[in-house]
Amino acid sequence: MNRLVIEGLEAGYGAVSVLRGISIEVRQGELVALLGTNGNGKSTLLNAILGFVRPTAGRVVLEWDGQTIDLTGAPPHRIVDAGIALVPEGRRLAPNLTVEENLLLAGSGRRARRDARRNLGFCFETFPILKERRAQRAATMSGGQQQMLAIARALMTSPRIVLIDEPSLGLAPIAVTQVIATIRSLQATQNLTIVIAEQSVVQAIDISARAYVLAHGSILRTFARGDSAADLDDIRRAMLGVGESRRPTEAAQ
Amino acid sequence: MFLEILINAVATGLLLGSIYAALALGLAVTFGILHIPNIAHPVFVVLGAYLAVVANERGWDPILAALAGALPFYLLGALFYEFYARVFERRGEADTMQALTLFFGVSLVVETALVLKFGTNQQTVDVDYVGQSLRIGLLVMPYRLLVPALVAPVMILTLWAYLKFTYAGIAIRAAAHDVRALQVSGVDPHWIKRHAFGIASVTALVAGAILVIIGPVDPFSGRLQIGRAFAVVILAGMGAVPGTILAAFIIGVAESLVSAFLNPSWSPGVAFLILLATLALKPQGLFGASR
Ligand SMILES: Nc1ncnc2c1ncn2[C@@H]1O[C@H](COP(=O)(O)OP(=O)(O)O)[C@@H](O)[C@H]1O
Ligand SMILES: [Mg+2]
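Residue numbers (the working numbering), protein chains in the order written: chain B, 97 to 349; chain R, 20 to 310.
Errors might be hidden in some of the hints.
Each pair of labels, with its calculated beta carbon distance range [to be verified]:
| hint | chain 1 | residue 1 | chain 2 | residue 2 | range |
| --- | --- | --- | --- | --- | --- |
| 1 | B | 213 | R | 181 | 43 to 53 Å |
| 2 | B | 133 | R | 127 | 51 to 61 Å |
| 3 | B | 232 | R | 106 | 31 to 41 Å |
| 4 | R | 183 | B | 277 | 50 to 60 Å |
| 5 | R | 243 | B | 274 | 24 to 34 Å |
| 6 | R | 83 | B | 159 | 47 to 57 Å |
| 7 | B | 170 | R | 73 | 14 to 24 Å |
| 8 | R | 114 | B | 121 | 35 to 45 Å |
| 9 | R | 91 | B | 305 | 49 to 59 Å |
| 10 | R | 104 | B | 228 | 51 to 61 Å |
| 11 | R | 106 | B | 110 | 34 to 44 Å |
| 12 | R | 239 | B | 164 | 41 to 51 Å |
| 13 | R | 136 | B | 164 | 49 to 59 Å |
Keep in mind that the hints were calculated from the coordinates and are not lab data.
For every residue, glycine included, the Cβ atom is placed at its ideal position computed from N, Cα and C.
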């Protein structure tokens with residue numbers, strides 16, 4: 097089975113530890129939500145998977161096409177090359193490059209290069225606005241368009257798994273709806289494997305098969321679609337840390 | 020008489036400008052694009068000039084020698100970046116003062132090595148076209164300026180096309196703004212910066228070959244070029260590679276007019292005056308994006 101396995105992952109910034117033993121699994125074709133209010137470690141987790149934050153314990157392992165690749169502590173470009181793409185918080189586009197150059201750049205990796213033309217065609221088909229503005233500098237686009245570009249850029253790396261960090265952040269409601277709809281349709285039509293980190297429960301849970309609730313750097317609860325427990329209020333309560341008492345192991349830390 | 024002086028001063032200025040652009044081109048990459056203030060660039064130019072001199076003693080044309088030496092100089096530049104990165108970037112971004120100190124130190128070491136090997140004597144090359152001139156009406160253009168002045172635009176155009184149309188070129192242009200944009204694109208920023216330094220070093224070699232065709236070179240010739248090279252890059256605007264040629268034309272012509280109509284002693288000050296005026300009036304330069 098093709099999947100990404102995170103086992104007992106711990107990471108932080110200098111002396112401050114943020115992630116406290118995270119274990120999650122993402123299987124091919126799944127759309128998994130990572131829920132949590134601000135500051136609970138969603139971005140740190142995604143950045144630790146990508147190699148931007150160095151794990152201090154635990155493992156990040158990609159099992160794909162019969163290969164088992166241990167990505168723990170590898171540099172980000174290798175992890176992207178292995179097939180994990182990130183749509184980072186704040187998008188992090190190259191502002192001085194054009195839309196097309198941003199896409200081509202992401203298509204230049206060792207594995208992605210041979211499919212660059214086809215991927216570019218697919219991105220332009222999926223996001224016609226990007227095709228229309230291909231020669232425009234990325235910095236001159238609206239927030240929603242930049243978010244589309246950031247997603248398209250991730251697709252250019254021929255990803256096996258796409259991690260999306262708060263795609264709705266700072267966008268107008270209509271742009272949020274559009275971005276979420278795009279993510280949903282990519283997962284449905286392309287059988288893409290997606291992990292989406294969000295604070296806004298409604299949007300994320302609505303489209304995902306499974307949701308992990310992250311609080312203070314630990315997985316507090318896991319919900320699956322169809323769970324009787326998985327009603328939105330329950331998830332909200334879990335996110336805010338009410339209703340469900342924390343596990344003793346966490347209190348001890 | 021006045022017209023003849025004017026025409027020739029402008030023509031000489033344009034020729035000089037073209038050469039200044041070649042000298043500044045590597046700095047347009049390392050400083051203009053990567054924002055690393057590589058004041059050691061001119062000493063690489065001088066090193067390139069010495070390579071041309073040594074090759075010329077064995078019968079090589081200086082420009083051909085530069086092309087032949089491109090690979091070793093690429094590796095030298097890459098090694099130089101590796102050294103810089105090992106010293107500083109491991110602990111995050113180098114601060115400007117530390118970087119300048121390192122580059123200054125490297126310049127001194129290279130100069131000293133050249134003095135020890137070749138002495139402080141001025142070195143020249145021997146090529147057929149030096150000493151002859153092209154005459155068109157009132158215009159007199161010495162080949163020792165004309166040939167180098169033609170090499171510069173070719174080099175700039177080549178670099179521009181490389182930066183514009185290749186994956187590595189696009190990555191180099193992205194590198195200064197957001198390293199993370201490179202990383203999430205699956206590109207190793209360290210590799211890209213090292214590659215850019217390698218390329219800058221090759222342009223230094225070609226510029227060195229040009230410099231020694233124009234006139235004699237000694238181990239300290241680079242020092243005269245530092246201020247002007249920075250002036251060209253800043254006047255063009257950070258990251259504006261084709262813009263370096265126009266910026267260099269402006270500085271070349273201004274210097275040439277000053278030396279024709281005022282006093283040649285003032286001409287080295289012209290670049291600094293233009294640099295100051297740019298920083299005060301148009302800090303983003305002629306073609307740089309406002310940041
Ligand atoms: N670069 C950083 N340096 C130090 N602390 C950080 C840094 N980034 C995040 N943190 C801290 O790590 C914790 C988790 O942050 P983050 O992963 O950004 O949470 P989320 O994405 O869920 O909002 C917060 O307490 C935050 O202050
Ligand atoms: Mg975050």
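Consistency of the hints with the structure:
1. In this structure, residue 213 of chain B and residue 181 of chain R break the distance hint of 43 to 53 Å, their C-beta atoms being roughly 21 Å apart.
2. Separated by about 56 Å at the C-beta atoms, residue 133 of chain B and residue 127 of chain R satisfy the suggested range of 51 to 61 Å.
3. For the hinted restraint 31 to 41 Å between residue 232 of chain B and residue 106 of chain R, the CB-CB distance of approximately 39 Å keeps it satisfied.
4. Checked against the hint of 50 to 60 Å, the C-beta distance between residue 183 of chain R and residue 277 of chain B comes to roughly 35 Å, which is inconsistent with it.
5. The hint said 24 to 34 Å for the Cβ distance between residue 243 of chain R and residue 274 of chain B, and at roughly 58 Å that hint is violated.
6. Taken as a hint, the range 47 to 57 Å holds for the pair residue 83 of chain R and residue 159 of chain B, whose Cβ atoms sit roughly 55 Å apart.
7. For residue 170 of chain B and residue 73 of chain R, the Cβ-Cβ distance of about 44 Å falls outside the hinted range of 14 to 24 Å, so the restraint is violated.
8. For the pair residue 114 of chain R and residue 121 of chain B, the supplied restraint of 35 to 45 Å holds, since their beta-carbon distance comes to about 43 Å.
9. Hint check: residue 91 of chain R to residue 305 of chain B, Cβ distance near 57 Å, so the stated range 49 to 59 Å holds.
10. The hinted window of 51 to 61 Å between residue 104 of chain R and residue 228 of chain B is violated, with their beta carbons roughly 40 Å apart.
11. The given range of 34 to 44 Å is broken by residue 106 of chain R and residue 110 of chain B, whose C-beta atoms sit roughly 22 Å from each other.
12. Between residue 239 of chain R and residue 164 of chain B the beta carbons are some 59 Å apart, a value that contradicts the proposed interval 41 to 51 Å.
13. Restraint check, residue 136 of chain R to residue 164 of chain B: a C-beta distance of roughly 55 Å satisfies the suggested window 49 to 59 Å.
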